[in-house]
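Q: Chain by chain, the residues:
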Amino acid sequence: MKDHTEAHKKAHRARPPPMKSYIPPEFVIEIDDARCIRCEVCVRQCSYDARYYEPATDRIMTRDQNCTNCNRCVVFCPTQATRIRYNPMSYRNNSNWRPENIKTVLRQAETGGVLLTGMGCDRDYRIYWDHLVLNASQVTNPSIDPLREPMELRTYIGRKPDIGEIDLKSGETGLEYPNLQLEMPVMFSAMSYGSVSLNVHKALAMAAKEVGTFWNTGEGGLHQDLYDYGPCTIVQCASGRFGVHSEYLNVGAAVEIKIGQGAKPGIGGHLPGEKVTKDVSETRMIPEGTDAISPAPHHDIYSIEDLAQLIHALKETTDWKKPIGVKIAAVHNSAAIASGIIRAGADYVALDGLRGGTGAAPKIIRDNVGIPIELAIASVDHRLREEGIRNRGSIIAAGGIRNSADVLKAIALGADAVYIATSALVAMGCQVCQRCHTGKCPWGITTTDPWLTKRLNPQIGQERLVNLLRGWNLELKEMLGGMGINSIESIRGNRHHLRGIGLSNEELRILGIKHAGDY
Amino acid sequence: MTKEVHQISRRNNPYKEDKVSEACGLFGMMSTKGRVFDGTAAIKAIMNMHDRGNGLGGGFAAYGIYPEFREYYALHIMFMSKEAKRKAEEYLPEHFKIIASEEIPHDDKHSPPDPPELWRYFVSAPREVLHQELKEQDNYVVKKVMEINTDISDAFVFSSGKNMGVFKGLGYPEEIGRFFRLNRYKGYIWVVHSRYPTNTQGWWGGAHPFSILDWTVVHNGELSSYGVNRRYLEMYGYHCTMETDSEAMAYAADLLMRKHGLPVEVMANIMAPPFWEHIDRMDQKKRNFHKYLRMTYGSLLMNGPFTIILSHTGEMIGLTDRIRLRPITAATKDDVVYLASEEAAIRVVEPNLDRAWIPMGGEPVVGKLTPQAMQMHEVSGHDDLRNRKRRDDGP
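In order, the protein sequences belong to chains A and B.
If you read the first sequence in this note's numbering, its first letter stands for residue 0, the second for the next number, and so on.
If you read the second sequence in this note's numbering, its first letter stands for residue 7, the second for the next number, and so on.
So here's chain A without its partners, still in its complex pose (with noise of 0.2 Å):
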């Protein structure tokens, strides 16, 4: 064992940097030497090699500028003797050019590169979750009572007919269009093997298999090992075409074409070769150890008629049994977009905002570029609407859902169901420390590097997610039965049970909601 955790330092120990860097250690790691044991669990723990166990003073040594606060070692530190804090040392105050800025202008100055993180935008844009309120019923109406009458989440993805048809005398029904049948209106959405471990994927397939709903592949293909959990599986066709082929395509309930992600629209995945081991290689069909990068669009998609020939093709290839959807980044004008995407035939469009997650993206473009998603539910969904095509596709919205509250407020603002992913990562784990991009994950999430990956258990990872899904569940249950509704239907696009907060008209207007006191 020790072996093999000097070998690992010993590969994990990064380069000396070709100059000197001038950004001062953003974490301060603290021991209390009264409480350290020398276990040197954190040290063993630590994949960005910011600890070491110095035996000439019988101490473990800290090299701060190293540490990414992601709260491994304080998890795990037996006795509790170790915490991170904020690096007290100051810029001088500064509207203009704040830490963040002059740490960024330094890093570049310093590397000559764009500067990669990881996870979803950061930035204080408005996060209008946070100015959203729910409705209940007092008096005129009564609230259901989860607990004792039945509450239903139970959710559709796909196409619906515009109008009924009905064989009265046989009782036959018309043509119908393949859909998605979700136990609760909440999927995990994608994230490609090779940016996330096989257990996390093996984790998402058999909780979304236990809870009723779907999981995605992303774009890096479906490893062999789990095709058995096909009918949970959302498979992804994206620019790169990585591990895209008749069997895959086929082994899933559903395919999506990933156009763009909400981190970095306009741009493809960035796989670092790093991270491409020979799994990842297998599934993806690349050279082992080789950079995946995406073309930024799909160079058979230069405009919606093209969207509509891979749409047919697809549909062709999965004999039209499967619905096919389609991923994009919202964007200024993602209500346009949206409607083409819905003409050409797609079953679904997903929606992936400003604060969506990403195993890696510029930083300069996951801060920069998208809107937030809430506005683009409720404009997307407002347009399909005037244009009276709305039920010609599912609207699933992604970026950003934090909890079960976020998720009725999309639904409410018409979404049909939402994506997680960052949610699902921190429910296995994660810490929000964005540097999925390094490969180092210590939790064992973003990473392919086998000595990391083993730290999560694809079974206790589906049960912290399933548990995760469970008491969102119950939430929604009870949000739902206070409003006096019993069927999740009911609530899609009903945005009469939101009001906003300290909003503008204008931001009002765009959302379709009145201010909280407005009746």
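For the record, the hints were derived by calculation from the structure and aren't laboratory data.
C-beta atoms are modelled at their ideal positions from N, C-alpha and C, and glycine is treated no differently.
Treat the hints with caution; some may be incorrect.
Negatives, chain A to chain B, calculated, CB over 10 Å [as the list claims (entries may be wrong)]:
no., residue
1, D63
2, V74
3, D121
4, V243
5, H269
6, D299
7, P449
8, E462
9, G470
10, L473
Subject to a maximum C-alpha distance of 30 Å in a straight line, what follows is the list of computed DSSO-like cross-link-like pairs (lysine-lysine) [to be verified]:
no., chain 1, residue 1, chain 2, residue 2
11, A, K208, B, K292
12, A, K314, B, K291
13, B, K291, A, K208
14, A, K320, B, K292
15, A, K168, B, K265
16, B, K149, B, K265
17, A, K168, B, K292
18, B, K291, A, K320
Pulled from the structure, derived: some chain B residues nowhere near chain A, Cβ distances all over 12 Å [claimed, not checked]:
no., residue
19, H56
20, G61
21, K93
22, P99
23, K103
24, P122
25, L124
26, R187
27, D340
28, R353
29, A379
Fit chain B to the supplied structure of chain A, relying on the hints for placement.
A: Quick look at chain B alone, frame taken from chain A:
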């Protein structure tokens, strides 16, 4: 919400309410043999439920009252200003052939305060529409009624069917009944509503029944799903100008039964569907059927408490929400079907009932004219209805 919708609601919802919630009393009676009787019994029954209303709205719908004009649309219009009447009377001849018009007879001595001007016009569609199918004529009238209600401020068409009429206003229903002298009309269906709005000052147009063509709805309840029902209906060209649940109900019924040609039982399955846990246990055919309905018409699930009495030529239907959060009692005596919020209201007009029962949530009670009676009261060439009868003849 679009600018357009804002404008519409500003014109027709003077108090700018988001949604009117209310509790109510309702009563309906129908002779399935098509015998006609005056409004006295309906007034008596609703008086017995006086406490279910608060005087902020009462109204009646009566079927079979204009036999001499049975092939013409009877437009009942209220004018809140002289200007509105002038504009409407310019508009009407441009878009309809007017057969007769008069002020709706009323009793000024028993008038509730500030009644609007109330007129009725018996009209047919213009010649170019007349030779089209009846369904097209109906659609034409719906469109024109919507136009008047949205484009002419202070004018409001509150009844537009053939051989039927809605009479409603601000006051207790018994006052409204006396005001309109309903003891002078004879119909085979009488439906009446007493309103108890909780958040409105009330206005004449906001009283029940709500009506489009010969469809009327009286309604007790507050739909928690109103926002989605309304937005779904907007996609099909219905604009809920009065912002009340009942209006949404009326439009939903019109869409499902008239436009989509679905029978009442299917409509009941859409508005008050069985729960998934029940559907999952049905045999495959039934399971597919209900799944198909819920997938297609999920946005017309009427969630939250409601009881409605929905009527159109030849039919009166009672329905409660799927967990029966509002009361309804049904009863029969010979050829008469009764529906009421309270059994006492039925017994006050007919103490010796053959049968009285409380229907299950989501289970419709349907009163239907017999085929002979239907011939008697059928409005001219009511195409749609004949189709439905044919279908019902099947197994």
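Q: Compare the structure with each hint and give your call.
A: Cross-check of the supplied hints:
no., hint, result
1, D63, "holds, 53 Å"
2, V74, "holds, 40 Å"
3, D121, "holds, 33 Å"
4, V243, "holds, 30 Å"
5, H269, "holds, 39 Å"
6, D299, "holds, 32 Å"
7, P449, "holds, 43 Å"
8, E462, "holds, 26 Å"
9, G470, "holds, 21 Å"
10, L473, "holds, 17 Å"
11, A:K208 with B:K292, "holds, 26 Å"
12, A:K314 with B:K291, "holds, 27 Å"
13, B:K291 with A:K208, "holds, 26 Å"
14, A:K320 with B:K292, "holds, 22 Å"
15, A:K168 with B:K265, "holds, 19 Å"
16, B:K149 with B:K265, "holds, 13 Å"
17, A:K168 with B:K292, "holds, 13 Å"
18, B:K291 with A:K320, "holds, 20 Å"
19, H56, "holds, 20 Å"
20, G61, "holds, 18 Å"
21, K93, "holds, 29 Å"
22, P99, "holds, 32 Å"
23, K103, "holds, 32 Å"
24, P122, "holds, 26 Å"
25, L124, "holds, 30 Å"
26, R187, "holds, 34 Å"
27, D340, "holds, 30 Å"
28, R353, "holds, 27 Å"
29, A379, "holds, 23 Å"
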